[in-house]
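Residue numbers for the sequence shown follow our numbering, beginning at 2 and rising by one.
Be aware that a few hints might be false.
[Said to hold, decoys possible] Taking lysine to any residue and the SDA-like style, the derived pairs with C-alpha atoms no more than 20 Å apart in a straight line are:
#	residue 1	residue 2
1	254	227
2	528	567
3	111	442
4	398	80
5	258	246
6	254	222
7	195	257
8	366	341
9	312	392
10	482	259
11	47	294
12	145	120
13	161	474
14	195	230
15	366	348
16	47	259
[Stated by the list, open to error] So the derived label-pair ranges between C-beta atoms look like this:
#	residue 1	residue 2	range
17	219	180	20 to 28 Å
18	258	62	28 to 36 Å
19	45	94	47 to 55 Å
20	437	376	20 to 28 Å
21	534	399	27 to 35 Å
Since the hints were made in silico from the structure, they are not lab data. In this text, a Cβ means the ideal position worked out from N, Cα and C, and glycines have one as well.
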Amino acid sequence: MGLQVKKSIRALLVGAIMFAMVIGVFPAQQQQVKAASDAVINLSTKYQEIQGYGGMNHPSWAGDLTASQRETAFGNSTNQLGFSVLRIFIDSDSNNWYKEVATAKAAVAKGAIVFATPWNPPSNLCETFNHNGDTKAKRLRHDKYAQYANHLNNFVNYMKNNGVNLYAISMANEPDYGHDWTWWTSSEIVTFLKYYAGSINCRLIAPESFSYNKNIMEPILNDSQALANVDIMGTHLYGTQYKNFAWPLFQQKGAGKQLWMTEVYYPNSDANSADRWPEALGVSEHIHNAMINNMQTYVWWYIRRSYSPMKEDGTISKRGYCMAQYSKFIRRGYRRVAATANPNNGVYVSAYTGDGKAVIVAINKGSSSISQKFTVNGQSISSVDRYRTSSNENLAKTSNLALTDNGFWSYMPANSVSTFVCNLKTNSTTATTSLPNGWYCIKNPASGKYLQVTGNVGAAGQNVEAGYKTNALGQKWYLRKLDNGYFTLSSALGNFMLDVSGAGTTDNTNIGIFHAYSGDAQQFKLKTTSKAGQYGIMTKVTNQKSGLHLRVSDNTNVVQNAYWEATNQVWQFEKTN
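My request is simple: use the sequences and hints to build the entire structure.
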């Protein structure tokens with residue numbers, strides 16, 4: 002990405018989509034109509050877990066984000082985008098890696114995940130070859146695959162040593178569009194994945210196709226050895242028609258793998274186009290189609306550009322507000338749920354649940370306003386707030402919409418997008434609903450000590466103990482709620498979770514960290530105590546009969562023990578970055 006010739010080709014690829022949009026630029030005089038069909042949300046039918054929404058920071062090509070722009074991108078207060086995913090560049094020259102650190106650290110501090118993509122291997126690993134008459138085409142030498150895997154590992158380690166634990170690393174950017182970087186064939190991709198990718202010490206994203214080219218991606222799914230070394234199937238959506246967003250073979254063979262949309266700009270990269278309306282509304286529709294086709298991220302190209310979510314002056318554009326209708330409210334760990342995707346002509350609906358909420362995003366691309374009924378099944382609603390972007394609104398909030406029969410009506414202007422945040426009625430004894438997903442330090446009030454990884458060392462089997470607060474990474478835990486009412490606690494030291502050693506069920510079973518897999522030994526539930534804001538941390542392997550217990554004999558080691566709300570069994574969660 003980034004060269005003018007590529008922009009021209011992409012412009013041709015999206016031309017057909019743009020033609021369809023032009024029809025909606027000159028609407029007829031608005032009329033309000035009542036929707037003929039309800040939008041029905043079923044919270045009991047759940048689909049993919051959402052990893053988040055975000056964009057690319059590329060200091061080498063576009064300049065780094067400033068400190069204030071990082072706040073705008075990754076903060077989630079007023080006039081902020083709420084992005085939870087950052088993509089960064091792996092330069093072929095390791096001397097330039099330092100450029101990626103500052104913004105990545107800022108994103109992580111706001112709770113975002115960071116993944117990295119290479120455009121080219123180091124030059125000494127490459128060779129030229131004849132690609133359809135282009136004698137200067139570039140590829141990775143076949144005898145340098147092991148060195149390339151080591152190059153990727155070196156980047157993972159560099160970022161970790163500079164305070165950023167990458168969530169994932171990609172094998173290659175756009176292997177099917179190597180005119181300006183490196184070509185890969187599907188056979189070369191499978192070979193690398195089968196025999197070399199297993200040595201990479203990070204979640205691996207398969208090469209990110211330019212236009213969701215399944216011919217280059219499906220050989221991975223059809224090779225069990227290659228697939229075993231992949232964690233995430235990544236793709237771009239340049240020129241991809243909505244009818245091709247579905248991927249049946251992934252649904253058939255991709256169990257346990259994630260599906261990410263890792264780069265796009267839409268519908269164009271015209272200079273100073275980010276505020277054009279209703280063109281910008283197409284961004285919301287594009288995200289909608291990605292989500293209902295089971296993608297777990299939606300990542301824009303440059304975060305800051307004249308056609309991007311953030312304009313060059315650091316303010317949010319109309320395209321940005323149309324992304325924020327998703328990114329501010331659908332947070333990491335939320336699950337998409339069943340919804341009537343197209344209840345009426347020009348109306349598009351998707352829905353999600355997490356943190357005791359149902360979040361509904363509804364787009365009206367029609368030339369008339371509409372009064373739409375939303376019905377929520379599976380759980381009762383206690384209140385609904387609406388946030389809307391239209392020609393003259395940017396995330397405009399209306400609180401406490403009127404409820405009727407566990408649903409509500411909403412007026413949707415022509416060419417607008419609305420997000421409905423529905424608070425759900427919950428059992429007051431379920432303590433987990435009071436804590437949102439996020440980073441915490443976990444304190445035992447009686448001792449004043451915090452749950453920490455011994456030695457601040459991220460390694461499978463490393464012990465967990467209690468110590469006085471140092472703000473070290475080993476004292477930081479990411480709480481993520483699961484659909485079954487339990488939660489996991491991920492360590493900031495890497496891809497590890499708090500773990501009941503050996504999934505033991507007896508008293509004095511040790512607590513440590515282990516490779517993250519979210520099994521029963523890594524699932525916990527909060528139990529309310531007689532003091533507000535203090536909880537027992539109960540283990541799933543004992544069916545909540547036992548919990549985390551600060552051993553009295555040394556007041557340091559943490560084990561699992563039968564629970565009776567002793568002071569050494571009570572914990573409080575303090576928000577942290």
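Next on the checklist: Hints numbered earlier in the text: which of these fail when held up against the supplied structure?
Outcome noted: Going through the list in order, the structure violates no hint and respects every one.
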